[in-house]
Amino acid sequence: MPIAMKPMLGPIAAMLVFTACLTESTPLLFVNFETVPDSVTSQESVTIAGDVVRSPPNAQLEYWVAVTGGAAPVEVKTSEFLLFVVTVPLVVNAENRLEIVARDSEGTRSEAYELVVRQSGSVLAVGGP
Numbered sequence: 022m023p024i025a026m027k028p029m030l031g032p033i034a035a036m037l038v039f040t041a042c043l044t045e046s047t048p049l050l051f052v053n054f055e056t057v058p059d060s061v062t063s064q065e066s067v068t069i070a071g072d073v074v075r076s077p078p079n080a081q082l083e084y085w086v087a088v089t090g091g092a093a094p095v096e097v098k099t100s101e102f103l104l105f106v107v108t109v110p111l112v113v114n115a116e117n118r119l120e121i122v123a124r125d126s127e128g129t130r131s132e133a134y135e136l137v138v139r140q141s142g143s144v145l146a147v148g149g150p
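So for the sequence shown, the working numbering puts the first residue at 22; every next one is plus one.
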């Protein structure tokens with residue numbers, strides 16, 4: 022049911038719909054980004070940070086975030102608070118289509134999120150006398 026319809030249901034029905042979303046049998050994973058790289062960089066790697074959200078929550082599971090599409094795939098385990106920081110090496114002088122996916126120890130996976138980062142090579146400082 023679209024969220025836009027919730028106000029028309031009334032407070033009790035809206036709460037029942039919300040509760041059903043949180044308790045449905047198929048768990049959902051989402052990636053919430055705190056830090057994303059610029060779309061163009063001269064750096065050889067970029068850092069992506071954020072947290073993983075699971076509905077319904079399950080603190081007993083372990084969670085990982087994997088990033089592909091750079092110079093090498095990278096996977097990190099989240100902290101106990103589901104926070105992550107991952108440094109991704111980039112292909113030099115190329116467009117890097119980074120795909121970020123979270124997963125838990127039960128095999129639930131998030132949708133893939135794509136970030137495009139153009140690595141523009143080294144920036145040389147030009148100085149004069």
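Hint data in this document are derived by calculation from the structure and do not stem from the laboratory.
There could be a bad hint or two in this list.
Derived DEER-like restraints, expressed as beta-carbon distance ranges [said to hold, decoys possible]:
| # | residue 1 | residue 2 | range |
| --- | --- | --- | --- |
| 1 | A87 | E116 | 31 to 41 Å |
| 2 | V74 | T108 | 18 to 28 Å |
| 3 | A80 | R130 | 15 to 25 Å |
| 4 | S60 | A133 | 34 to 44 Å |
| 5 | S63 | P94 | 17 to 27 Å |
| 6 | D59 | P94 | 20 to 30 Å |
| 7 | E83 | S63 | 34 to 44 Å |
All C-beta atoms in this analysis are idealised placements derived from N, C-alpha and C, irrespective of residue type, glycine included.
Margin query: For a quick check of understanding: which of the numbered hints are violated here, in increasing order?
Written below: Going through the list in order, the structure violates hints 1 and 4 and respects the others.
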